[in-house]
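> If you're matching them up, the sequences are chains F and L in order.
Sequential numbering of the first sequence, starting at 1, is according to our numbering.
Sequential numbering of the second sequence, starting at 274, is according to our numbering.
Don't read these hints as lab results, they were simulated from the structure.
Since this is a predicted model, take the numbers as computed values, not measurements.
Careful: at least some of the hints might be erroneous.
Cross-link-like lysine-lysine pairs, in silico, DSSO-like; alpha carbons within 30 Å at most [to be verified]: (1) F:K115 <-> F:K74; (2) L:K466 <-> F:K165; (3) L:K347 <-> L:K313; (4) F:K193 <-> L:K438; (5) L:K313 <-> L:K388; (6) F:K165 <-> F:K115.
Protein chains: 2
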Amino acid sequence: MNEALNETHDPLLRSWQASANDPEGDFPIQNLPFGVFRRKGSGEVFRGGVAIGDQVLDLAAAHAAGAFDGPAAKAATACCEPVLNGFMAMGAPAWSALRLSLSRALRAGNGLEPKLRACLVPQDQAEYAPPAAISDYTDFYASIHHATAVGALFRPDQPLLPNYKWLPIAYHGRSSSIGTTAQQFRRPRGQVKAPQAAAPTFAPSARLDYEFELGVFVGPGNAQGVPIDLAQAESHVFGLVLLNDWSARDIQAWEYQPLGPLLAKNFATTISP
Amino acid sequence: MNEALNETHDPLLRSWQASANDPEGDFPIQNLPFGVFRRKGSGEVFRGGVAIGDQVLDLAAAHAAGAFDGPAAKAATACCEPVLNGFMAMGAPAWSALRLSLSRALRAGNGLEPKLRACLVPQDQAEYAPPAAISDYTDFYASIHHATAVGALFRPDQPLLPNYKWLPIAYHGRSSSIGTTAQQFRRPRGQVKAPQAAAPTFAPSARLDYEFELGVFVGPGNAQGVPIDLAQAESHVFGLVLLNDWSARDIQAWEYQPLGPLLAKNFATTISP
Numbered sequence: 001m002n003e004a005l006n007e008t009h010d011p012l013l014r015s016w017q018a019s020a021n022d023p024e025g026d027f028p029i030q031n032l033p034f035g036v037f038r039r040k041g042s043g044e045v046f047r048g049g050v051a052i053g054d055q056v057l058d059l060a061a062a063h064a065a066g067a068f069d070g071p072a073a074k075a076a077t078a079c080c081e082p083v084l085n086g087f088m089a090m091g092a093p094a095w096s097a098l099r100l101s102l103s104r105a106l107r108a109g110n111g112l113e114p115k116l117r118a119c120l121v122p123q124d125q126a127e128y129a130p131p132a133a134i135s136d137y138t139d140f141y142a143s144i145h146h147a148t149a150v151g152a153l154f155r156p157d158q159p160l161l162p163n164y165k166w167l168p169i170a171y172h173g174r175s176s177s178i179g180t181t182a183q184q185f186r187r188p189r190g191q192v193k194a195p196q197a198a199a200p201t202f203a204p205s206a207r208l209d210y211e212f213e214l215g216v217f218v219g220p221g222n223a224q225g226v227p228i229d230l231a232q233a234e235s236h237v238f239g240l241v242l243l244n245d246w247s248a249r250d251i252q253a254w255e256y257q258p259l260g261p262l263l264a265k266n267f268a269t270t271i272s273p
Numbered sequence: 274m275n276e277a278l279n280e281t282h283d284p285l286l287r288s289w290q291a292s293a294n295d296p297e298g299d300f301p302i303q304n305l306p307f308g309v310f311r312r313k314g315s316g317e318v319f320r321g322g323v324a325i326g327d328q329v330l331d332l333a334a335a336h337a338a339g340a341f342d343g344p345a346a347k348a349a350t351a352c353c354e355p356v357l358n359g360f361m362a363m364g365a366p367a368w369s370a371l372r373l374s375l376s377r378a379l380r381a382g383n384g385l386e387p388k389l390r391a392c393l394v395p396q397d398q399a400e401y402a403p404p405a406a407i408s409d410y411t412d413f414y415a416s417i418h419h420a421t422a423v424g425a426l427f428r429p430d431q432p433l434l435p436n437y438k439w440l441p442i443a444y445h446g447r448s449s450s451i452g453t454t455a456q457q458f459r460r461p462r463g464q465v466k467a468p469q470a471a472a473p474t475f476a477p478s479a480r481l482d483y484e485f486e487l488g489v490f491v492g493p494g495n496a497q498g499v500p501i502d503l504a505q506a507e508s509h510v511f512g513l514v515l516l517n518d519w520s521a522r523d524i525q526a527w528e529y530q531p532l533g534p535l536l537a538k539n540f541a542t543t544i545s546p
């Protein structure tokens with residue numbers, strides 16, 4: 001796998017898709033992030049795609065065009081689904097095989113260029129959905145700077161609690177309100193109470209913000225109660241997304257003790273596709 | 274629907290399945306709880322079933338035998354799946370139609386008796402799975418007696434916090450560790466710290482218990498951000514299960530502030546089938 005990584009991340013690689021060679025671009029041939037997409041407003045079924053330059057390569061179309069064989073073809077079959085759970089569960093060897101195959105197929109001079117050009121959809125004509133059906137997600141309080149800053153909002157006298165430096169502080173979030181960046185959502189309403197007020201009132205949140213986080217998609221799971229060795233942890237990570245953890249701070253301040261935030265945090269979580 | 278409820282809950286109803294008429298039994302014809310099951314050790318696919326006396330009526334087999342028609346048949350089709358999410362999403366009219374049809378078919382003197390006898394599996398030969406693929410679950414801190422008792426374990430000076438009487442205190446739980454009563458699980462290990470200890474240690478939990486709760490399966494959902502009117506709330510409730518909320522109190526005491534319990538509560542949640 002390290003050999004494949006060395007090959008796909010070689011900074012000298014160039015693609016026949018010219019926009020991928022823009023040094024300012026997010027999606028050079030060395031990146032190739034997976035997601036699910038369809039043509040905007042088409043009502044098509046979502047399917048797997050890979051960003052390359054300013055385009056999305058339709059993996060279902062590329063697979064149908066015979067672009068892959070062997071383990072990469074098997075992995076590509078899983079990418080024809082509307083969510084990538086099956087592909088994510090296949091594990092690092094499958095991910096690596098498909099990425100290597102894609103990297104070679106998209107390189108300048110590769111003979112698949114004519115076939116694959118027909119499988120490209122411009123990113124500005126695509127819309128996206130979360131890449132997996134997410135059944136659980138855990139929100140880690142992972143930055144000491146953030147924990148200190150947020151802690152000061154609620155506990156000016158003790159922003160950082162005694163456990164913080166000893167274990168990962170985290171809580172479960174609501175999976176069903178995770179959407180992509182394009183998601184529209186309503187400003188939440190809830191109970192808020194000023195410190196000196198005798199009783200709370202019910203009102204739209206007046207203190208809405210978001211924490212800017214990194215989302216991690218875990219691929220192969222583990223049997224319940226069986227730990228994953230630290231040395232193996234990275235091989236369970238399928239990929240990363242940017243994540244906005246929307247938070248209604250006025251609702252949170254009143255509701256969060258003793259069991260943590262609920263309605264202040266579960267109305268929307270948005271991720272990059 | 275009230276008419277159907279009145280008919281199916283009539284205390285005078287009796288079933289041709291004699292064990293259902295035992296006044297000490299959990300599953301008289303007035304109850305008819307839905308679940309998913311298969312023959313123990315058979316490796317069969319799970320499918321919907323209904324408890325009647327000491328038996329489970331196999332809904333897939335009963336449907337195949339032509340026991341249902343109209344809306345009840347449509348509902349029964351959804352019960353042939355390994356999880357009842359589709360049936361739950363159909364809403365109260367579908368639930369009511371199938372229950373009424375089942376109630377009539379199982380009554381003493383009903384002509385379907387010979388067909389349906391072939392669709393019964395003794396409960397002691399059955400095994401069960403959670404009735405739905407659960408994508409989110411919320412644990413409500415709903416009993417003031419419990420909140421006071423648990424609060425006293427962690428905050429002897431202030432067991433009940435000021436928000437408790439104003440709003441439902443709750444947090445998201447881990448869906449992936451929900452199993453049925455038969456589930457075996459490992460005693461969790463985690464960080465624990467005695468109040469006077471200088472540092473935490475990593476150890477198996479020595480203070481394992483469970484909270485005995487009622488689990489509520491919500492059927493039809495609502496669009497994100499659109500409230501359900503209180504008057505409509507009950508029609509969204511598909512059904513109830515008994516629930517054991519397993520808790521590692523020593524791990525919880527150290528980890529739970531400020532974001533609530535995580536590893537102390539997410540290693541297992543068990544429900545009646």
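> May I ask which of the numbered hints given earlier this structure violates, with the numbers listed in increasing order?
Number 6 - this is the single hint that the structure violates.
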